[in-house]
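Participant: Residue strings, one per chain:
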Amino acid sequence: MSELTEERFSEKTDAEEAPPAPGERAIAVQPGRFHAAGDISSLEKVFELEDISVSYGDAPAVKDVTLDIYKQEVTALIGPSGCGKSTLIRCLNRMNDLVPTAKVTGRLLYHGEDLYGPKVDPVQVRKLIGMVFQKPNPFPKSIYDNIAFGPRILGMKGDMDEIVEKALRGAALWDEVKDRLDSNAFGLSGGQQQRLCIARCIAVEPDVILMDEPCSALDPISTGKIEDLMMELKREFSIVIVTHNMQQAARVSDRTAFLMVELDSTEQNRWGRIVEYDATEKIFTNPSDPRTEDYVSGKVG
Amino acid sequence: MSERTRVHYQEELEQLEERALGGIDLVVETLGRTLEALEHHDVELAELVIADDDRIDGRYLEVHQSILTLLATQGPVATDLRLIAALLHLIKSVERMGDQCVNIAKLIPLTGHDAPQDERMLADLVTMGRQVKALLGQAKQAFASRDVEVARDLVRGDDVVDNLNRECFRLAIEIGDELERREWGMSMMLVARALERMGDNAVDIGEQAVFVVTGLFEEFEDASKPRAATG
Amino acid sequence: MSDEFNPRTARAEIAIAGARGATAGILSDQPRRDVIRNSVFASLLFLAITIALVGLALLIGDNLIKGWPRLNMDLLTNGTSSLPDNAGLHSAIIGTLWIMAFVILFIIPIGVGTAIFLEEYTSKQSRWARAVEVNIQNLAAVPSIIYGLLGLAFVARGPLSLGFTVITASITLTLLVLPIVILVAREAIRSVPPSIKEGSMALGATRLQTTRKQVLPAAIPGIATGVILAISRAIGETAPLIPLGAATFVTYDPSGPASGFTALPLVIFNWVKQPQAEFQVLAAAGIIVLLAVLIAMNSFAIWLRNRYEQRW
Numbered sequence: 001m002s003e004l005t006e007e008r009f010s011e012k013t014d015a016e017e018a019p020p021a022p023g024e025r026a027i028a029v030q031p032g033r034f035h036a037a038g039d040i041s042s043l044e045k046v047f048e049l050e051d052i053s054v055s056y057g058d059a060p061a062v063k064d065v066t067l068d069i070y071k072q073e074v075t076a077l078i079g080p081s082g083c084g085k086s087t088l089i090r091c092l093n094r095m096n097d098l099v100p101t102a103k104v105t106g107r108l109l110y111h112g113e114d115l116y117g118p119k120v121d122p123v124q125v126r127k128l129i130g131m132v133f134q135k136p137n138p139f140p141k142s143i144y145d146n147i148a149f150g151p152r153i154l155g156m157k158g159d160m161d162e163i164v165e166k167a168l169r170g171a172a173l174w175d176e177v178k179d180r181l182d183s184n185a186f187g188l189s190g191g192q193q194q195r196l197c198i199a200r201c202i203a204v205e206p207d208v209i210l211m212d213e214p215c216s217a218l219d220p221i222s223t224g225k226i227e228d229l230m231m232e233l234k235r236e237f238s239i240v241i242v243t244h245n246m247q248q249a250a251r252v253s254d255r256t257a258f259l260m261v262e263l264d265s266t267e268q269n270r271w272g273r274i275v276e277y278d279a280t281e282k283i284f285t286n287p288s289d290p291r292t293e294d295y296v297s298g299k300v301g
Numbered sequence: 302m303s304e305r306t307r308v309h310y311q312e313e314l315e316q317l318e319e320r321a322l323g324g325i326d327l328v329v330e331t332l333g334r335t336l337e338a339l340e341h342h343d344v345e346l347a348e349l350v351i352a353d354d355d356r357i358d359g360r361y362l363e364v365h366q367s368i369l370t371l372l373a374t375q376g377p378v379a380t381d382l383r384l385i386a387a388l389l390h391l392i393k394s395v396e397r398m399g400d401q402c403v404n405i406a407k408l409i410p411l412t413g414h415d416a417p418q419d420e421r422m423l424a425d426l427v428t429m430g431r432q433v434k435a436l437l438g439q440a441k442q443a444f445a446s447r448d449v450e451v452a453r454d455l456v457r458g459d460d461v462v463d464n465l466n467r468e469c470f471r472l473a474i475e476i477g478d479e480l481e482r483r484e485w486g487m488s489m490m491l492v493a494r495a496l497e498r499m500g501d502n503a504v505d506i507g508e509q510a511v512f513v514v515t516g517l518f519e520e521f522e523d524a525s526k527p528r529a530a531t532g
Numbered sequence: 533m534s535d536e537f538n539p540r541t542a543r544a545e546i547a548i549a550g551a552r553g554a555t556a557g558i559l560s561d562q563p564r565r566d567v568i569r570n571s572v573f574a575s576l577l578f579l580a581i582t583i584a585l586v587g588l589a590l591l592i593g594d595n596l597i598k599g600w601p602r603l604n605m606d607l608l609t610n611g612t613s614s615l616p617d618n619a620g621l622h623s624a625i626i627g628t629l630w631i632m633a634f635v636i637l638f639i640i641p642i643g644v645g646t647a648i649f650l651e652e653y654t655s656k657q658s659r660w661a662r663a664v665e666v667n668i669q670n671l672a673a674v675p676s677i678i679y680g681l682l683g684l685a686f687v688a689r690g691p692l693s694l695g696f697t698v699i700t701a702s703i704t705l706t707l708l709v710l711p712i713v714i715l716v717a718r719e720a721i722r723s724v725p726p727s728i729k730e731g732s733m734a735l736g737a738t739r740l741q742t743t744r745k746q747v748l749p750a751a752i753p754g755i756a757t758g759v760i761l762a763i764s765r766a767i768g769e770t771a772p773l774i775p776l777g778a779a780t781f782v783t784y785d786p787s788g789p790a791s792g793f794t795a796l797p798l799v800i801f802n803w804v805k806q807p808q809a810e811f812q813v814l815a816a817a818g819i820i821v822l823l824a825v826l827i828a829m830n831s832f833a834i835w836l837r838n839r840y841e842q843r844w
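Residue numbers (the numbering used here), protein chains in the order written: chain A, 1 to 301; chain B, 302 to 532; chain C, 533 to 844.
Source of the hints: derived by calculation from the structure; they are not laboratory data. Since the structure is predicted, the reported quantities are computational estimates derived from the model, not experimental observations. Where hints are given, some of them may not hold.
As the list claims (entries may be wrong) - PhoX-like cross-link-like pairs, simulated, lysine-lysine; straight-line CA separation at most 20 angstroms:
no. : chain 1 : residue 1 : chain 2 : residue 2
1   : A       : Lys157    : A       : Lys127
2   : A       : Lys234    : A       : Lys71
3   : A       : Lys127    : A       : Lys71
4   : C       : Lys745    : C       : Lys598
5   : A       : Lys135    : C       : Lys729
6   : C       : Lys729    : A       : Lys127
7   : A       : Lys127    : C       : Lys745
8   : A       : Lys225    : A       : Lys166
9   : A       : Lys103    : A       : Lys119
Stated by the list, open to error - Take a look, some chain C residues computed to stay more than 12 angstroms from chain A by CB distance:
no. : residue
10  : Val567
11  : Asn570
12  : Ser575
13  : Leu596
14  : Asp617
15  : Ala633
16  : Ala673
17  : Leu692
18  : Val724
19  : Thr770
20  : Glu810
A virtual CB, placed ideally from N, CA and C, is assigned to each residue, including glycine.
Generate coordinates for the entire structure from the input sequences, incorporating the hints supplied.
Facilitator: Here is the structure:
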């Protein structure tokens, strides 16, 4: 009888019947287990990078980057300035080709195909992989012509008015500009211009959208609108974003890659390297690498 | 080579931890007084303990508010974030332990001045209390120095407390047939229970320390399950 | 009660007033040195513009006064004649218009095409590109008579052998003003922000598509300016036309590219050479007509440019 009362008397209830062996822990739980973005074995890969290195002439910019980017996720690239995040993202749509001294080595697969293969036309690549730049760069044309430019050039079939409307709706801009489609694009505010650039990008129905610090020139409210937009866009497109705002990376991305700057012995050259690449939640609650820890806590600049 | 940045923030964080851990010291102090009141049946000291609980509650509110402020203004992540979550748990444990001391103190006047006592039980209770004090000191050290091994070791010390608790229970049953002593016995059982809870709280603090370091929740094996049949 | 003189209040008031005055003084007080410097500088600038405008006004005014007696419709309808009373500018005007028409026809594709090629399709680093760059700037400085001799040797005679015709004059003048067009057009193309080109390329446009549909439309105002400058230069050139057989005594109107020609500057020059005083009057009137034609052409071009600029 005393045993029973003792059991009831004590507060803790163990799940196990037999007492655990001495030194054995009852439970050890990884908090991240309870959230998504953990299991990658079932996800489709959009990009596979293997030992990608980029240099401009003799100066290396990025070295030995190996990571996979998954479909319909937002992948963020973070790191201090000069770590090559922009250089890296511009490899993904071959914009580095426009710089004569740029050299890219390594393997870059896009849906399993080598993006830098001999038969691959960079122009075709850019039709599938679009880009939004740091400073909004609308064309000096009307809002309508800005959006219509891409589809016209690509010879897209369909009613142009419909295409334009769909793109503007997709960028959450339609209601604000539907009455002035013929007015000059420069008449829009900074945040609206950037959304116009996003609309322009999605009008050609790409597969991937690359964003190079899209909000760094915008005020907080426009930034918030664009971050919300990313959550919507993610349903249709895969997004890779470069940002130096860590809180933004934490807010919008599913996976985050952290790059750091390395210097050579003479301290003349500096280039970037991947330090850690993992689910965003892990990076910001329990990063594996102490350098990542220091950077995201803001203890190192 | 890199400069320290966010110095103000780091200082705030350090101060917060200090205040929170200082709460443990307050509990140790209070527990000491409680034990003394118990041992010598000092009703006035018991009243003091009850009144003084405001200090611990005040510390709880202060730390709680600082945590909210830090979360809102500094956006902590990674280890800092885990630390703040752990401190929230920790200060809650501190507040509960303070309340346990009050519970004990409230029981002291009820037993009457000349009530017969069981010397063995009293001795056990005092031993329990001292052991809990030691556990609290160890827990504080484990947290402050982020020592996972010391934290895990707390469970061993808590086993002692739990065993003493069982022993008290047994003794209480023994004197349960004596009309004069059984009321005292039952009150002392409640005291033992309160002390046992405090021991568990100390272990919880150890678990939080491990969480800060590893990011994992470990539930330490405890001795609430009897190892061998009693009776 | 309050009428009583309160020394503390009064003193305080004086102190406050003094402090306010001092602040106002500091804020509005510019050191005398700076004030003088500013005025002198502004005056010098004003003087510069005055000289320019006054010079121009004197030129126009002088000719206007001198040529006034002959500024009438006869001037424009009469053909060439050795008699001052019958002389007019009709043939010359037709000739000038024919020549300028072809010049414009040539300089736009050649000049703009060259500018595009230099800006978009060659690497800035190549030695060849830099050599071309330097040479274009030199060509813009070559005296115009050299172009006349060039035209004589290679266009009127030599390989092209087009004779002393309107087309010869046009080709020669084209060569003369081409460097201006190239330089200005290149500046206009350069000033199109690279972000526009990047944005276009990022959408999947080819270089050609980007150039045709983004760069050129954006550069048109600048290019138009280049063309205007070229017209203004070419219309008044006399020296290169002389070796090209611009007969000063052409009695017929130039009828086409292959016909002989005369031009406004030539006729005016010829009149100036004549000893008779009446021809001087004619010359002055001719200058006014030349200026009028120039202003008309330029105004049209500027109007076109503005209209295009406003469209987007």
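Participant: Hints first: check each against the structure and report whether it holds.
Facilitator: These are the hints, each one checked on the structure:
Straight-line distance between C-alpha atoms of A:Lys157 and A:Lys127 comes to about 15 angstroms, which keeps the hinted pair within the 20 angstroms bound. Between A:Lys234 and A:Lys71 the CA atoms are separated by roughly 9 angstroms; this keeps the pair inside 20 angstroms, and the hint holds. For the hint linking A:Lys127 to A:Lys71, the alpha-carbon distance of about 17 angstroms falls within 20 angstroms, and the restraint holds. For the hint linking C:Lys745 to C:Lys598, the alpha-carbon distance of about 51 angstroms lies beyond 20 angstroms, and the restraint is violated.
A threshold of 20 angstroms between alpha carbons decides the hint, and for A:Lys135 with C:Lys729 the separation of about 13 angstroms falls inside it, so the pair holds. A distance of roughly 15 angstroms separates the Cα atoms of C:Lys729 and A:Lys127; the hinted pair therefore holds under the 20 angstroms criterion. At roughly 17 angstroms between alpha-carbon atoms, A:Lys127 and C:Lys745 fall within 20 angstroms of each other, so this suggested pair holds. Of the pairs offered as hints, the one joining A:Lys225 and A:Lys166 holds, with about 18 angstroms between alpha carbons and a cut-off of 20 angstroms not exceeded.
Straight-line distance between C-alpha atoms of A:Lys103 and A:Lys119 comes to about 18 angstroms, which keeps the hinted pair within the 20 angstroms bound. Every beta carbon of chain A lies more than 12 angstroms from that of C:Val567, the smallest distance being close to 40 angstroms; the non-interface claim holds. With 12 angstroms as the threshold on Cβ separation, the claim that C:Asn570 sits away from chain A holds: the shortest Cβ distance comes to roughly 35 angstroms. Every CB of chain A is more than 12 angstroms from the CB of C:Ser575 (nearest about 39 angstroms), matching its label as outside the interface.
For C:Leu596, the non-interface assignment is confirmed: its Cβ lies about 43 angstroms from the closest Cβ of chain A, beyond the 12 angstroms cut-off. Distance to chain A confirms C:Asp617 as a non-interface residue, since its nearest Cβ pair spans about 57 angstroms, more than 12 angstroms. Listed as a non-interface residue, C:Ala633 keeps its Cβ farther than 12 angstroms from every Cβ of chain A; the least gap is roughly 31 angstroms. No beta-carbon of chain A comes within 12 angstroms of the beta-carbon of C:Ala673; the shortest separation is about 32 angstroms.
The Cβ of C:Leu692 sits about 39 angstroms from the closest Cβ of chain A, beyond the 12 angstroms cut-off, so the non-interface label holds. Under the 12 angstroms C-beta cut-off, the non-interface status given to C:Val724 relative to chain A is violated; the minimum distance is some 9 angstroms. Annotated as non-interface, C:Thr770 keeps its C-beta farther than 12 angstroms from every C-beta of chain A; the closest such distance is 41 angstroms. No beta-carbon of chain A is positioned within 12 angstroms of the beta-carbon of C:Glu810; the least distance is around 55 angstroms.
Hints 4, 18 from the earlier list are contradicted by this structure; the remaining hints agree with it.
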